[in-house]
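**Q** Now for the letters of each chain:
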Amino acid sequence: MNHKTSIKKRVPLSKVVSYAILTIWAVTTAYPFFWVIINSFRERGEIRSDSFSIPWPWTQSFTLDNYVTANNRSDFVTGYTNSILISVIVTIVVILLAGLFAYGMVRFRFRGQKLLRGMIIAAMMFPVFSTIIPVFRMEVLWGIASTQNRWLSLLSTILPQIAGNLAFAIVVLMGFIRSIPIDLEEAAYLDGCNVFQIYFKIIIPVAKPSFATVAIFSFLWSYNDLFTQTFFLRYPQEKTITLLINEISSQAGVNYGLMAASVVLVVIPVLVVYVLLQKNIIKGLTVGAVKG
Amino acid sequence: MNSMIYKKKAPLLFFLLPAFLFLIVYLYYPFFQNIINSFMSISGLGTKATGVNTPWYANYVELWNDPNMRTAVKNTLLLVVCTLVFQVGTALVLALIVDRIKTGSRFFRTLYFFPIVISATALGLLFNIIFLYNGGMLNQLLQNLGITTANIDWKGEKYYFFTMLLPVLWQYVGFYFVIIVTGLNNISTDVYEAAELDGATGWKRVRFITLPLLRNVICTCLILAVTGALKVFDLPWVMMGSGIPLDESWLTGTYMYNQTFIRGNVDYGSAIAVVIVVLGVLLAQIASRVFKEKEY
Chain G
1 MNHKTSIKKR VPLSKVVSYA ILTIWAVTTA YPFFWVIINS FRERGEIRSD SFSIPWPWTQ
61 SFTLDNYVTA NNRSDFVTGY TNSILISVIV TIVVILLAGL FAYGMVRFRF RGQKLLRGMI
121 IAAMMFPVFS TIIPVFRMEV LWGIASTQNR WLSLLSTILP QIAGNLAFAI VVLMGFIRSI
181 PIDLEEAAYL DGCNVFQIYF KIIIPVAKPS FATVAIFSFL WSYNDLFTQT FFLRYPQEKT
241 ITLLINEISS QAGVNYGLMA ASVVLVVIPV LVVYVLLQKN IIKGLTVGAV KG
Chain R
293 MNSMIYKKKA PLLFFLLPAF LFLIVYLYYP FFQNIINSFM SISGLGTKAT GVNTPWYANY
353 VELWNDPNMR TAVKNTLLLV VCTLVFQVGT ALVLALIVDR IKTGSRFFRT LYFFPIVISA
413 TALGLLFNII FLYNGGMLNQ LLQNLGITTA NIDWKGEKYY FFTMLLPVLW QYVGFYFVII
473 VTGLNNISTD VYEAAELDGA TGWKRVRFIT LPLLRNVICT CLILAVTGAL KVFDLPWVMM
533 GSGIPLDESW LTGTYMYNQT FIRGNVDYGS AIAVVIVVLG VLLAQIASRV FKEKEY
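Residue numbers (our numbering), protein chains in the order written: chain G, 1 to 292; chain R, 293 to 588.
Here are some of the chain G residues that sit facing chain R, going by a computed Cβ distance under 7 Å: (1) Y103; (2) P160; (3) T242; (4) V263.
List time: in silico EDC-like cross-link candidates among lysine to aspartate or glutamate, alpha-carbon distance up to 16 Å: (5) R/K496 with R/E485; (6) R/K300 with G/E186; (7) R/K299 with G/E186; (8) R/K447 with R/E540; (9) R/K447 with R/D539; (10) R/K366 with R/D539; (11) G/K15 with R/D391; (12) R/K366 with R/E540; (13) R/K450 with R/D539.
No lab work stands behind these hints: they were computed from the structure. Just so you know, even glycine gets a beta-carbon here, dropped at the ideal spot from N, CA and C.
Given only the sequences and the hints, what does the whole structure look like? Please build it.
**A** Next comes the structure, spelled out in structure tokens:
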């Protein structure tokens with residue numbers, strides 16, 4: 001063995017170890033999802049004895065029963081509709097209001113500005129646990145919470161979720177708007193734009209990436225937020241997908257196939273969106289996290 | 293920034309008022325109302341307070357003597373510590389390794405991040421099947437490999453904390469991983485080249501170049517991890533329900549929810565929420581002191 005080959009051999013070794021460690025964590029991450037998918041297609045009784053083999057469609061183990069049962073037990077279409085309605089509205093309102101507020105805070109100088117800034121930072125630390133009860137009581141008083149009316153109930157969830165996401169969104173957007181050079185705005189001003197036109201025609205297009213970050217964050221938080229949803233959505237027609245899943249988990253008893261199928265039903269749409277948008281999501285989330 | 297454009301203050305109202313109203317009505321008013329509520333006597337979520345407790349601080353005395361509350365605080369603190377060590381630790385190790393390879397790093401990043409976008413509710417259900425006593429994935433695996441012969445009760449006395457902790461840790465490793473990788477990418481290659489000339493390679497390079505330069509990013513992660521761990525609710529709630537086994541697995545969030553919603557002790561729940569806030573402020577203070585960012 002001459003000198004050259006021994007070097008060639010040594011380099012791959014550290015690489016092999018690197019890839020091995022990375023692959024182990026990759027398997028740890030991916031395998032549970034794979035496992036639950038294959039078991040959602042398996043005959044009920046077999047999960048508990050033989051859950052690692054793949055139930056190929058041409059074998060006895062394969063079945064679609066779990067999905068049929070899941071579909072009969074709960075109304076997934078309504079669940080998805082409610083979830084998406086809530087999250088989309090929350091996201092839109094959050095970026096609208098937070099954008100306006102952040103712009104006003106960064107560009108204008110006024111009395112009480114420091115206090116207002118402090119209030120925003122402090123609001124970021126309020127856990128939802130500490131505000132939820134008074135919010136619920138307030139909304140009952142207004143007649144929007146626990147009314148059995150689907151749209152009012154959705155509204156009663158949307159409002160506190162907006163408030164919960166606002167402070168974070170404002171902080172991220174303020175950081176970004178501050179970094180936009182003011183020359184652009186001055187040029188537009190000389191061309192006869194007023195403040196509102198400057199905001200909508202200059203700031204929003206320039207700050208688009210950070211608006212996207214905030215939008216992704218708000219959407220995910222709202223979609224996945226079990227806590228607020230359990231407080232405000234109690235009747236069948238208002239349930240979101242997360243609530244349905246939570247219900248199934250407590251009612252399914254020993255029907256593990258049903259559980260597996262309902263997990264898959266929640267995970268698959270998100271998986272599709274994730275694969276399509278993964279570049280934006282990862283970039284967006286990290287920008288937000290480091291700046292926030 | 294005394295630009296002419298922003299001399300007129302009238303448009304400010306349009307920019308600030310909507311979000312401001314939201315914050316006042318939905319965060320600040322309820323926040324202070326909640327503190328008041330914790331001294332009142334309230335029997336139902338939608339019902340009026342029937343008066344002040346006697347003595348007015350009765351709930352806090354009860355909290356102090358409540359063994360479940362002690363368990364909840366203890367578990368929450370333990371969760372914070374484990375999050376710091378294992379979540380950020382694993383993320384750091386993986387990030388340092390991924391930084392050494394070229395092909396496939398984007399694949400690993402995408403994969404590691406995936407659990408974060410999945411709702412904790414679905415993950416809780418998934419882990420319920422994995423940790424099942426009779427024929428769950430883990431018990432099957434251990435028996436197939438011949439490590440154990442009897443089923444292990446993952447939610448029993450012995451393993452409940454591990455069972456509650458593992459999914460929470462597992463889900464968020466990718467989050468800190470991606471943040472640290474971004475930080476690593478920001479370290480310029482010049483620094484490494486200079487270090488190499490000085491003879492710093494391998495572990496030395498990591499210890500004396502990478503880690504010090506990564507300090508601020510790691511600090512951010514640690515602070516995020518502390519505040520994140522305090523907010524954990526969904527996963528333990530789906531998996532551990534009412535504090536199984538025998539009231540041992542309570543966290544402050546799940547216990548507050550249980551008191552308010554299941555048992556209808558609204559004012560007591562408010563008091564727990566106040567304790568959660570105090571705990572959060574304290575820990576956030578400590579975290580930002582200990583993991584202070586440095587300017588270079």
